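Enquirer: Assemble the complex: chain W is given as a structure, and chain H must be docked to it using the hints.
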Amino acid sequence: MELKNLNFSFSVSPGAAKKIFKNLSLQIFPGQITTLLGPSGSGKSTLLRIFGGLQKVSEEGSSLVKSVSTESFVFQEATLLGWRTGYTNIMLPIKLAHQAVDGKYFEKIAQILKIKDILDSYPHQMSGGQKMRVSIARALITKPQVIFMDEPFSALDEPTRLDLQDELLQIQADLKMTIVFVTHSFYEAVYLADRIIILSNSQPATVIYDQVQNKDFRSRFESNYQNKVKEISEIFAKGLSREK
Amino acid sequence: MKSRSDRLVIFIIYFGFFAAIEFLVTKDIVSSAILPKPSEILKLFWLDRSVLTTAFLQTAFSSVVAFILAAFLAFALGILIHLSDLLKKTAMPVALFLQTVPIIAIAPLLVIYFGFGWVTTLIAGIIVCFFPVLISTTTGLANTKSTEDELLQFLKASRLQKLIFLQIPNALPNILAGLKTSAGLAVIGVVSGEFLVGSGLGALIESSRLQQRVDFVFASLILLALLGLILMKSTEIIFTWLFKKYLIRK
Chain W
149 MELKNLNFSF SVSPGAAKKI FKNLSLQIFP GQITTLLGPS GSGKSTLLRI
199 FGGLQKVSEE GSSLVKSVST ESFVFQEATL LGWRTGYTNI MLPIKLAHQA
249 VDGKYFEKIA QILKIKDILD SYPHQMSGGQ KMRVSIARAL ITKPQVIFMD
299 EPFSALDEPT RLDLQDELLQ IQADLKMTIV FVTHSFYEAV YLADRIIILS
349 NSQPATVIYD QVQNKDFRSR FESNYQNKVK EISEIFAKGL SREK
Chain H
7 MKSRSDRLVI FIIYFGFFAA IEFLVTKDIV SSAILPKPSE ILKLFWLDRS
57 VLTTAFLQTA FSSVVAFILA AFLAFALGIL IHLSDLLKKT AMPVALFLQT
107 VPIIAIAPLL VIYFGFGWVT TLIAGIIVCF FPVLISTTTG LANTKSTEDE
157 LLQFLKASRL QKLIFLQIPN ALPNILAGLK TSAGLAVIGV VSGEFLVGSG
207 LGALIESSRL QQRVDFVFAS LILLALLGLI LMKSTEIIFT WLFKKYLIRK
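Which chain is which? The protein sequence lines are W and H, in order.
For the first sequence, our numbering begins at 149 and goes up steadily by one.
For the second sequence, our numbering begins at 7 and goes up steadily by one.
Fair warning: there could be bad hints in the mix.
What the hints assert, rightly or not - Below are the SDA-like pairs computed for lysine to any residue, each with C-alpha atoms no more than 20 Å apart in a straight line:
(1) W:LYS152 to W:SER211
(2) H:LYS168 to W:HIS246
(3) H:LYS162 to W:GLU207
(4) H:LYS250 to W:LYS291
(5) W:LYS291 to H:LYS162
(6) H:LYS251 to W:GLY230
(7) H:LYS151 to W:SER193
(8) H:LYS162 to W:LEU244
(9) W:LYS243 to H:PRO175
(10) H:LYS250 to W:THR236
(11) W:LYS291 to H:PRO175
(12) W:LYS243 to H:LEU182
(13) W:LYS204 to H:PHE160
Bear in mind the hints are in silico, worked out from the structure with no lab data behind them.
Note that the coordinates shown come from a computational prediction; the quantities given were computed from them, not determined experimentally.
Just chain W, same shape as in the assembly (with noise of 0.2 Å):
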């Protein structure tokens, strides 16, 4: 997947525009955890919506080069539809697609999100974890090259945001897929990433820093992790200060 010269703008009042993006190139490698870090309002959601798809780019010599067949997206809410139990809405996608479900797969991801219990609750009877697991299930069942998550664990608390990040990191050992993570978090983005990608807070938003990391810790208490996660902080800290 490649971004070949951005040009964005939102439009804020009539004849006024904010420049979000411009000429920006950004390539996805495949198979790999990508993260996107950012400020507020640094446009990495809307990075992350274009690639996906949901928002067009029409500005003039911008495009999107994409080879992908089947591809998801997590939201940062579950939006989970509320009269749909757990197993139907994660086949949602097959339903639409008029797919076929694959039996064994359904039951590997469902082994690892630890979902089988709540196969058959309704959203208002799952805790915000449980909702997450399902959304992510929802994405996976269509068995996607790429998957684009967007803050999907920012509202959740802290032993459940560190499960899910765990069983992400299975999942995608497991299934191989390429994966563009946009987080807010420092911790997150060095314990998921294969690469890390951190925008500027400057208008248009230009990428500060983009990197393959080593992953050379195994578990969030190396001093490795924690001198990583360090770097990056202090990278993005002195990015914000540069483009004040």
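Expert: Below, chain H without anything else, positioned relative to chain W:
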């Protein structure tokens, strides 16, 4: 839920109210030509049960049929209006006209067009209870969350799939509210038609007025109120039973 003591208080208030009327009319402080004694109305319910039951069943039947037809027509039109801006601009002014002009003013026209028959009564009922279901349907269909819309957009759902999987289920609580309002209004529409056509409780009230039978008028009013309540409550019970999972949200 009302507690037992609440129910007792409510019973005492009502009992006291009717006892006071009974006393005032018995002592001739209030004329029985203006206000009949509650005991007289009760007696009337027994003695003239045949007349009252026939009239009640006629009005009830017309109200139920008018309500069901109006609900289906309004729901179908609501979906079409949701799908077509042109239809919205064309049909909504007519619907608004029928809603704002009192049915008692339209009823004579219905008699001219459809005669002194059951159809006139039925159409009067349909006109009155059509609008709330139409508005609740169009409002409910348009009332989806932006993230749910985006989810269906991302999943490449067709217009029809979006309607079936998201918009109609999402609109059901709104539609129930519209149906409950319409159920009560159906009785009003039907009785307006019956005043002119000469059937059911509407005709009974009209003939009682001519004969100065206030007791019959009151008995008919009680039956009308009862009919409205039964229709509203049964609509709620049936709808909730059919669509329970769509009505519980969080």
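Enquirer: Now, for every hint given, state plainly whether the structure supports it.
Expert: Here's how the hints hold up against the structure:
The suggested pairing of LYS152 (chain W) with SER211 (chain W) holds, with an alpha-carbon distance near 5 Å, which does not exceed 20 Å. Using a Cα cut-off of 20 Å, the hinted pair LYS168 (chain H) and HIS246 (chain W) holds, with the two alpha carbons roughly 14 Å apart. For the hint linking LYS162 (chain H) to GLU207 (chain W), the alpha-carbon distance of about 23 Å lies beyond 20 Å, and the restraint is violated. Restraint check: the Cα-Cα separation between LYS250 (chain H) and LYS291 (chain W) comes to about 33 Å, which exceeds 20 Å; the hinted pair is violated.
A C-alpha spacing of about 16 Å is found between LYS291 (chain W) and LYS162 (chain H), which places the hinted pair at or below 20 Å, so the restraint holds. Taking the CA atoms of LYS251 (chain H) and GLY230 (chain W), the gap is about 8 Å. The hint holds against a cut of 20 Å. Pair hint LYS151 (chain H) plus SER193 (chain W) holds up; C-alpha atoms about 18 Å apart against a cutoff of 20 Å. Simply put, LYS162 (chain H) and LEU244 (chain W) have alpha-carbon atoms about 8 Å apart, close enough for the 20 Å limit, and the pair holds.
This hinted pair checks out: LYS243 (chain W) and PRO175 (chain H) have alpha carbons roughly 16 Å apart, not beyond 20 Å. As the CA atoms of LYS250 (chain H) and THR236 (chain W) are separated by approximately 16 Å, the hinted pair is consistent with the 20 Å bound. Restraint check: the Cα-Cα separation between LYS291 (chain W) and PRO175 (chain H) comes to about 27 Å, which exceeds 20 Å; the hinted pair is violated. Proximity of LYS243 (chain W) to LEU182 (chain H) is assessed by CA-CA distance (about 27 Å); at most 20 Å being required, the pair is judged violated.
For the hint linking LYS204 (chain W) to PHE160 (chain H), the alpha-carbon distance of about 12 Å falls within 20 Å, and the restraint holds.
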